[in-house]
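Residue numbers (my numbering), protein chains in the order written: chain R, 1 to 255; chain E, 1 to 447; chain U, 1 to 482.
Source of the hints: derived by calculation from the structure; they are not laboratory data. Misleading hints may appear alongside valid ones.
Calculated cross-link-like contacts (lysine-lysine; reagent style BS3-like; alpha-carbon spacing at most 30 Å) [said to hold, decoys possible]:
| hint | chain 1 | residue 1 | chain 2 | residue 2 |
| --- | --- | --- | --- | --- |
| 1 | E | K325 | E | K296 |
| 2 | E | K374 | U | K455 |
| 3 | R | K151 | E | K386 |
| 4 | U | K455 | E | K333 |
| 5 | R | K18 | E | K386 |
| 6 | U | K471 | E | K374 |
| 7 | U | K44 | U | K57 |
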Amino acid sequence: MLEIQNLHTKIGDKEILKGLNLSIKAGEVHAIMGPNGSGKSTLANVLAGRDGYEVTQGSVEYEGKDLLELAPEERAWAGIFLAFQYPVEIPGVNNVYLLKAAVNAIRKNRGEQELDAVEFLALIKDKMKLVKMKDDLLSRSVNEDFSGGEKKRNEIFQMAVLEPKLAILDETDSGLDIDALKIVSEGVNSLRNEERSIILVTHYQRLLDYIKPDYVHVLSGGKIIKSGGPELALELEEKGYDWIVKDDKGENEAA
Amino acid sequence: MSQENMNNNAQHYLAEFDQFQETVERDWFSEQRQSALKLFIETGFPSSRLENWKYTDVRPIAKQSFSNVSTTTSITTEEIDAIRFQDIDCYELVFINGVYSKEHSRLDGLTENIVIENMADALAKDKDLLEKHLSQYADNNVSPFTALNTAFIQHGTYINVPKNTVVDKPINILYLSKDNAQPLATHPRNLVIMGEHAEATLIENYIGLDDANYFTNVVTEVSLSTASILKHYKIQQESVNAYHIGNLNVTQGKDSLFKSHSISLGGSLVRNDIYGQLAAEGASIVLNGLYMTDGKQHVDNHTRVDHLKPNTHSTENYRGVLNGKSRGVFNGKVVVHPQAQKIEAHQNNANLLLSDDAEIDTKPELEIYADDVKCSHGATVGQLDKNMLFYLRSRAIDEDTARSLLTYAFVNEIISDISLVPIKNRLEHLIIGQLPDAELIREFTNE
Amino acid sequence: MSTNSENMEDLVNKDYEHGFVTDIESDTVAPGLNEDTIAFISKKKDEPEWLLEWRLKAYRQWLKMEDPTWAHLDIEHIDYQAISYYSAPKSKDDGPKSLDEVDPKLLETYEKLGIPLQEQKFLAGVAVDAVFDSVSVATTFKGKLADAGVIFCSFSEAVKEYPELVKKYLGSVVPAADNFFSALNSAVFTDGSFVYIPKGVRCPMELSTYFRINASNTGQFERTLIIADEDSHVSYLEGCTAPMRDENQLHAAVVELIVLKDAEIKYSTVQNWYPGDENGVGGIYNFVTKRADCRGDNSKVSWTQVETGSAITWKYPSCILKGDNSVGEFYSVAVTNNYQQADTGTKMIHIGKNTRSTIISKGISARHAQQTYRGLVKISKSADNARNYTQCDSLLMGDQCGAHTFPYIEAKNSTATVEHEATTSKIGEDQLFYCKQRGIKEEDAVNMIVNGFCKEVFKELPMEFAVEAQKLLGITLEGAVG
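Work out the full structure: start from the sequences and follow the hints.
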């Protein structure tokens, strides 16, 4: 489904990703872990097509197409969803309007019938239960005056409504207390299926207690330096990142 | 045209005035007209060398010889129905090319103690009361246009709401303009007197029915007694070739509230002045405004709030969206006078420039002579937020739509605050119509 | 005023610290201004013909101009014929060659001012040019600067030694007829400082000028010209004091900065001219035109000012951001007490692409003082992606003072972003109470709070100056609360 080869990315003059390789098949859950500044969020943003990230080398293939050619909205139409680390507040734009427009834009581009108001309402009522969203959050402006937890929940709620093929969750666990983390995780777990792939970008193992990944990768210095199963995350929790990062000095082809 | 020529042109109004005087009877107000005209001729049109007119050049108005004689004063019921708020029951006064139309106005069911009538009738009947109020709140010395208006007072709206009375329906005034034999100057004069604890909602509409060249020079005076409330809306949709100069003057008593929405959408050269005097403790004023310009429009909003007494409050929020080769001007001044302690005054002006040829000049001002104050102001000029744009696009919304939507959201900060739903809906409709991709946004919002 | 708990001696000490008069014989021209006065100044300074012509042209333009009245200032009529336009300490005609030759009384004056003029203070790493009344008396560190290729000398010397540079840049940023006071200055300026930093040179030390008005009935009209050639860097400090006198004295200076490609100038001022007494008698009229021209791409200018003195201040250090990616900064603390008035701010003119400007202004007004921030941010049509951020805060102490904010924003480019924020409030009673409850004296508490309020600006000052600025602030505001 997703094939990243030798990806190099710059922000301004600074090279962040330095030859990243990653391959994800349909239905897999991959956790990307790594110390601060290793390039985790850069990867998430490059996949979603944010401005300001220059790809200098390498390729990203998504469902056989060149992903890097596509505008952010075209990626969304193609089924890519980014849950933002810092969800953006948009005063004056209603949460539900946004979602309805998004759902219908995606449906239109897939050649599906657009939903009318009644159908749409039925859809979101259903999805709201997944993340225990309060009704009033729907009628408010996008993320405006939401608490940190509400914003993250809203992201997962949007993911549920938009039913992406590839979901990238960028530090969705950060800033959540344990109860909120459980709710968000349950939401994500309920959205797992054979077709849907998920990339979990996180600094902490804690999230992986609730969302079990199939693979764990360690990103450091702009590359994946170690990959393994869920047990790798536990090891990281125990020993921190230093041992791997040190290990990596000298041998560069770990991934 | 040089400054001298501009002022020579003020002389044109001398001749117009002579003609005008023949049409109105000599009355108790004649002397005041005379002296106002004298003042106008002496000062002439304001030059852009004056700080108050720094960014607005009124020579396009000064150089024309507008006539005071209205030749078109009729309008069909269909025409007017197309403009009326259909979904709101209101008292309505209709003026066509500056002249009151009794035929189209709707004042049925008005309780006896409330007065809503044409200024010309009030001048004839209500000398005693008008003498106390007319031309007492708008100062002829502050703007030459006010002096000019005072000289030509005839038609307009006179409202008097007595003590403890709540006007049951909004009062809607329609100033409609259409093509005239000669380009027309009208000088509507409105006077609103609110008794203690009285409440009312007033909507002033200025609408061009075609693309005629004309000049509207309106002055509105408002007096608010203790604890009275006036919600005021001004919706300016003059023709693309029209000139509009508006002066709104409010003097507020103890614990009174004046809440204003000033929406400027039309006109070629527009200047709105609001002058609020918080003359007693506990008075509050809220000024919200929106200007959307395109083509070669020039829209200037000036506000001034004087905190004359302690414990008075003001908040102001103006937003502008400028497209084409248009130019917007904002000047908001807050003056806290000596001894006026415990003041809160907050002011904000935000602008979006949508085109490379548009221009905004903004100047929020604080002048403070007391120390126990909390005052702030802010002004921004910018584009749509890049993070918001990306967020919307990552949610599958294409870039053009995202831009339109965010522009609408920007404007909606002002509109969403309007409590009278039919007006809010009307404005939403009008505003979306002025945005790029209007259809797309309508889809979004017509839930 | 909280005088009860203070003893008299303390109070006396709080007065204007720099208000002594130096007993030196001055060579002062009779008051009055005409073409002869200008010719006299020019001759006295042995100037070339072109400079005299330049002065006379400025004078003729000045004659046609009027005192500006747009500022929020109440200025008593100034009789320009009652001012003496030239005053120099009388010493050997050919001037001092080294510090040893400088009149010891002058050096004493500078020592009272705390200026590191002496050799032993070289460790402080500051090169000083001192301007006493109208004439530059000594420039330290000449040798070391010369090694780096840096020219730092009095303006008069520059006219003699580097006429091409002076001719090329004089008046190129502030044209003589720019405004009333710049025209006057151009006609009668007597001395000032000149700095040239050659290509690629980072000036090895901070450069500093101290100005002092000593003689009575004189005006001071100095001129500063700083040229930072490509890829060079300099930090320049300026300080000013004057003795206490009952009459008002005029100070009308012009400062021109030229910043070429990749160069940077940091210009810091601590202005402590005599502010007049607590009844508003006397004090300096400080009418100054300061402007920087960022001509080259990636150039940068940073103005930092601490304005505590002067009866009236009229001053707007500005930046013309012509070069692409050029940066302008303005950090200002202005304190007005008693009957002081200040109308000050900046202009940021964005012309080049990706130009950036920051304005941080902190105003403190006490007793009967009136203070105005006046600023212009102009985004020209060509200034793609220009950015400005302005933050302007005023603090009021006492119910008779005033604080006013008049920012002008003119934007003609749709890719520009301009943000302006301003607040005005009283010094926090709860903060004061909290400090006092913890045992801190009211005046100390005020100092702490005010210094906190100004911190953003102070951190822009070189260390030595920052300490001086904090002390000055304390002195200026003595007894303002209570």
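Each hint tested on the structure:
Our distance criterion of 30 Å between C-alpha atoms is met by E/K325 and E/K296, whose separation comes to about 5 Å. For the hint linking E/K374 to U/K455, the alpha-carbon distance of about 21 Å falls within 30 Å, and the restraint holds. Taking the CA atoms of R/K151 and E/K386, the gap is near 19 Å; set against the 30 Å cutoff, the hint holds. For the hint linking U/K455 to E/K333, the alpha-carbon distance of about 29 Å falls within 30 Å, and the restraint holds.
About 26 Å separates the Cα atoms of R/K18 and E/K386, which keeps this hinted pair within 30 Å; it holds. For the hint pairing U/K471 with E/K374, the CA-to-CA distance comes to about 28 Å; that is within 30 Å, so the pair holds. At roughly 19 Å between alpha-carbon atoms, U/K44 and U/K57 fall within 30 Å of each other, so this suggested pair holds.
Going down the numbered hints, you'll see the structure goes against none, and every one checks out.
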